[in-house]
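Trainee: Chains as they are written, first to last, in the numbering used here: chain A, 1 to 97; chain B, 1 to 470.
Check before you lean on any hint, since a few could be wrong.
Here are the simulated lysine-lysine pairs, DSS-like style, with alpha carbons at most 25 Å apart [claimed, not checked]:
hint: 1; chain 1: B; residue 1: Lys-398; chain 2: A; residue 2: Lys-26
hint: 2; chain 1: A; residue 1: Lys-39; chain 2: B; residue 2: Lys-360
hint: 3; chain 1: B; residue 1: Lys-57; chain 2: B; residue 2: Lys-67
hint: 4; chain 1: A; residue 1: Lys-78; chain 2: B; residue 2: Lys-67
hint: 5; chain 1: A; residue 1: Lys-78; chain 2: B; residue 2: Lys-84
hint: 6; chain 1: B; residue 1: Lys-364; chain 2: A; residue 2: Lys-45
hint: 7; chain 1: A; residue 1: Lys-45; chain 2: A; residue 2: Lys-2
hint: 8; chain 1: B; residue 1: Lys-360; chain 2: A; residue 2: Lys-10
hint: 9; chain 1: B; residue 1: Lys-398; chain 2: A; residue 2: Lys-37
hint: 10; chain 1: B; residue 1: Lys-27; chain 2: A; residue 2: Lys-2
hint: 11; chain 1: B; residue 1: Lys-84; chain 2: B; residue 2: Lys-14
hint: 12; chain 1: B; residue 1: Lys-87; chain 2: A; residue 2: Lys-36
hint: 13; chain 1: B; residue 1: Lys-375; chain 2: A; residue 2: Lys-37
hint: 14; chain 1: B; residue 1: Lys-109; chain 2: B; residue 2: Lys-232
hint: 15; chain 1: B; residue 1: Lys-67; chain 2: A; residue 2: Lys-36
hint: 16; chain 1: B; residue 1: Lys-10; chain 2: B; residue 2: Lys-35
hint: 17; chain 1: A; residue 1: Lys-45; chain 2: B; residue 2: Lys-360
hint: 18; chain 1: A; residue 1: Lys-36; chain 2: B; residue 2: Lys-232
hint: 19; chain 1: B; residue 1: Lys-67; chain 2: B; residue 2: Lys-2
hint: 20; chain 1: B; residue 1: Lys-370; chain 2: A; residue 2: Lys-39
hint: 21; chain 1: A; residue 1: Lys-36; chain 2: B; residue 2: Lys-364
hint: 22; chain 1: B; residue 1: Lys-67; chain 2: A; residue 2: Lys-19
hint: 23; chain 1: B; residue 1: Lys-360; chain 2: A; residue 2: Lys-37
hint: 24; chain 1: A; residue 1: Lys-39; chain 2: B; residue 2: Lys-364
hint: 25; chain 1: B; residue 1: Lys-360; chain 2: A; residue 2: Lys-26
hint: 26; chain 1: B; residue 1: Lys-10; chain 2: B; residue 2: Lys-252
hint: 27; chain 1: A; residue 1: Lys-37; chain 2: B; residue 2: Lys-364
hint: 28; chain 1: A; residue 1: Lys-45; chain 2: B; residue 2: Lys-375
hint: 29; chain 1: A; residue 1: Lys-37; chain 2: B; residue 2: Lys-370
These stretches of chain B come out as covered by chain A in the derived footprint (C-beta under 8 Å, 3 or more residues) [unchecked claim]:
hint: 30; stretch: 98–105
hint: 31; stretch: 309–317
hint: 32; stretch: 321–330
hint: 33; stretch: 334–342
hint: 34; stretch: 361–374
For the chain A half of the interface with chain B, some residues (derived, Cβ under 8 Å), not all of them [what the hints assert, rightly or not]:
hint: 35; residue: Ala-6
hint: 36; residue: Phe-8
hint: 37; residue: Leu-11
hint: 38; residue: Ala-12
hint: 39; residue: Asn-13
hint: 40; residue: Lys-19
Please keep in mind that the hints were generated in silico from the structure rather than gathered at the bench.
Just so you know, these numbers come straight off a predicted model, no measurement behind them.
Don't be surprised by glycine CBs; every beta carbon is placed ideally from N, CA and C.
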Amino acid sequence: MKIDIAHFSKLANLPLKLKEQEDFGKQLSDVLENFKKLKEVATDKIEETSQVTGLTNVARTDEVVISLSQHEATANSKNIHSGLFVVPVILEEGIEG
Amino acid sequence: MKLHELTISKARKKLDSGEISSLELTKQCLERLEKFDPQLNSFLTVTKEQALEDAKKADARIAGGEKTPLLGIPFSLKDMYLTKGIKTTAASRVLENYIPQYSSTVVTKLQSAGAVLLGKNNQDAWAHGSSGENSDFGATKNPWNLEMIPGGSSSGPAVTVAADIAPFSMGTDTGGSIRQPASLTNTVGIKPTYGRVSRYGVIAMASSFDTMGHFTKTAEDSAMVLSVTAGKDVHDATSSPIPVDDYSEDLKKDIKGLRIGMPREYFISGMDPKVRETVEAAIRKLEEMGGEIVEISLPHTEYAIDVYYILQTAEVSSNLARYDGIRYGATRENFGEEAKRRIMLGTFTLAHGYYDAYYKKGMKIRTLIKQDFNKAFERVDVIATPVSPTTAWRIGEKANDPLAMYLSDIFTVTGNIAGIPGLTIPVGFVNGLPVGMQLLGPHFSEKLLFRVGHQYELVTKWYERRPKLI
Chain A
1 MKIDIAHFSK LANLPLKLKE QEDFGKQLSD VLENFKKLKE VATDKIEETS QVTGLTNVAR
61 TDEVVISLSQ HEATANSKNI HSGLFVVPVI LEEGIEG
Chain B
1 MKLHELTISK ARKKLDSGEI SSLELTKQCL ERLEKFDPQL NSFLTVTKEQ ALEDAKKADA
61 RIAGGEKTPL LGIPFSLKDM YLTKGIKTTA ASRVLENYIP QYSSTVVTKL QSAGAVLLGK
121 NNQDAWAHGS SGENSDFGAT KNPWNLEMIP GGSSSGPAVT VAADIAPFSM GTDTGGSIRQ
181 PASLTNTVGI KPTYGRVSRY GVIAMASSFD TMGHFTKTAE DSAMVLSVTA GKDVHDATSS
241 PIPVDDYSED LKKDIKGLRI GMPREYFISG MDPKVRETVE AAIRKLEEMG GEIVEISLPH
301 TEYAIDVYYI LQTAEVSSNL ARYDGIRYGA TRENFGEEAK RRIMLGTFTL AHGYYDAYYK
361 KGMKIRTLIK QDFNKAFERV DVIATPVSPT TAWRIGEKAN DPLAMYLSDI FTVTGNIAGI
421 PGLTIPVGFV NGLPVGMQLL GPHFSEKLLF RVGHQYELVT KWYERRPKLI
């Protein structure tokens, strides 16, 4: 199976060098080849398991509790401005209206 | 007296009677750490000054009459556990300089209980691995043979206990990362029931699989640690409200009449025949002790490793998306090779057009694997299996073959898929390298697993063997 590694690396927000793209392309193909045998298993009437606890709607009372201060919360960032996280631009001018 | 060889149980008695102090015990453990860790590479951060302070505080509490299981007992933490003010890295360059602003619930509980933190352990980065070689800070070595891997991903924690640096250590088990290194290092490793121990403040790998377990020298000790770490936590919505058992209560009960399942799918030709013989001998021992061996089948076992690598990597790709260098950590090109590989695989199986064939299919087979265990536990009380198809292998041997590496988890992933508890106990040696056996039980049956483990260790005493370190 030929995988469009460049496409998935963009989806994953994971910059890959050309050599990494080649290597991962091959390794992922091999792993996915293995997964094909799962087709053998009859699962039409089977429900999915997304979690194993059986718990539902675990909530706490809606009240404000002590949390991290702004100073603590921003302490590990390399890029702070006036106590706020600086993020890369995600919207640029010139978007079609 | 070789204080570093003491189990928690023996140390507890000597501390409570005043025969030894936590300060003496902690000092000996730290000396051992300083002497041997350059060869073992099992620690990333050592908290020496804090440890000595905590030991003194514990001694004061003991002098005041407090008698609790872990008071004054030294321990270490896999570097996945956030420790407020103490660097926490997941053994990755992405978090090389990360200093948490809060501690995980497990850490808070252990420190409130008076346990003495020696430091943060090395591991496979992000808990991705089965050997300890995926650390961004160098591989950890197996104290039984320094040219061999100790197993992973909780490599550092396993080695800490195996080398008598501390009597217990916390690891994490998502696909076998406690049970497998325990079996390769002659230690006891518990993977608790999913939801038994809070995941709050532990760096997430695969959120529906991650469990917070630990390493000890004996099953008796393992029960003591779980009695402190287990319990519902308001910060972890998946933590169980089921009351915590008295895990030591049944340790002295024999196993006469206990039904022990041997699943045929776990005793396969692909594994090392000597490892297989060693595990089978241990099961015969359980039979001698009064256990009733029942052959069972877990028919979907052959699909487990693929189901695991689809679902786990999907959850990994989601959990690692937060590391973008904005709020903390370095940027994403700093991820190691294995992390990148798993992120890519996970992204693929969750993508439009592939989701149904892989991820959704995986979730359905997960249901079938869970049902296999439910049916089996109607006929047996516990299930006994090998943990690893081989003993420890040479450093570098599987490093370039990701598929071979993934196959080393073949006997352990089912426990995480079903969310059931698993206990590795030492059962012997092949060519000087340890072999462990896994006991699996129904949800929340840890008390039973400890009982079987303890009864077995009383008559076999594999825990008395020690690696030769010079």
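Trainee: Take the hints in turn and mark each one as holding or not.
Mentor: The hints, checked one at a time:
1. B:Lys-398 to A:Lys-26: Satisfied, since the Cα-Cα distance of roughly 17 Å is no more than 25 Å.
2. A:Lys-39 to B:Lys-360: The hint holds at about 12 Å.
3. B:Lys-57 to B:Lys-67: Since the Cα atoms of Lys-57 of chain B and Lys-67 of chain B sit roughly 14 Å apart, the hinted pair holds (cutoff 25 Å).
4. A:Lys-78 to B:Lys-67: 46 Å, violated
5. A:Lys-78 to B:Lys-84: 19 Å, holds
6. B:Lys-364 to A:Lys-45: Within the cut-off at roughly 9 Å; holds.
7. A:Lys-45 to A:Lys-2: 31 Å, violated
8. B:Lys-360 to A:Lys-10: 23 Å, holds
9. B:Lys-398 to A:Lys-37: Satisfied, since the Cα-Cα distance of roughly 24 Å is no more than 25 Å.
10. B:Lys-27 to A:Lys-2: 57 Å, violated
11. B:Lys-84 to B:Lys-14: Violated, at about 31 Å.
12. B:Lys-87 to A:Lys-36: Violated, at roughly 42 Å.
13. B:Lys-375 to A:Lys-37: Cα-Cα ~24 Å, so holds.
14. B:Lys-109 to B:Lys-232: With a Cα-Cα distance of about 12 Å, the restraint between Lys-109 of chain B and Lys-232 of chain B holds, given a limit of 25 Å.
15. B:Lys-67 to A:Lys-36: 56 Å, violated
16. B:Lys-10 to B:Lys-35: 24 Å, holds
17. A:Lys-45 to B:Lys-360: 13 Å, holds
18. A:Lys-36 to B:Lys-232: 39 Å, violated
19. B:Lys-67 to B:Lys-2: Answer holds: Lys-67 of chain B to Lys-2 of chain B is near 23 Å, not above 25 Å.
20. B:Lys-370 to A:Lys-39: 19 Å, holds
21. A:Lys-36 to B:Lys-364: Status holds; Cα separation ~15 Å.
22. B:Lys-67 to A:Lys-19: Distance of about 59 Å is beyond 25 Å: violated.
23. B:Lys-360 to A:Lys-37: Holds. Lys-360 of chain B to Lys-37 of chain A sits at ~15 Å (cutoff 25 Å).
24. A:Lys-39 to B:Lys-364: Status holds; Cα separation ~12 Å.
25. B:Lys-360 to A:Lys-26: 24 Å, holds
26. B:Lys-10 to B:Lys-252: Holds, at about 16 Å.
27. A:Lys-37 to B:Lys-364: 14 Å, holds
28. A:Lys-45 to B:Lys-375: Given pair Lys-45 of chain A, Lys-375 of chain B holds - Cα atoms ~18 Å apart, limit 25 Å.
29. A:Lys-37 to B:Lys-370: Holds, at about 19 Å.
30. 98–105: holds (count 4)
31. 309–317: n = 3 at 8 Å, threshold three: holds.
32. 321–330: Holds, because 7 residues of the stretch 321–330 of chain B bring their Cβ atoms closer than 8 Å to Cβ atoms of chain A.
33. 334–342: holds (count 4)
34. 361–374: This one holds; 9 residues, not fewer than the three required, reach chain A with a Cβ under 8 Å.
35. Ala-6: 11 Å, violated
36. Phe-8: 5 Å, holds
37. Leu-11: 5 Å, holds
38. Ala-12: 4 Å, holds
39. Asn-13: At about 6 Å, which falls below the 8 Å cut-off, the nearest Cβ of chain B leaves the hint on Asn-13 of chain A intact, so it holds.
40. Lys-19: 11 Å, violated
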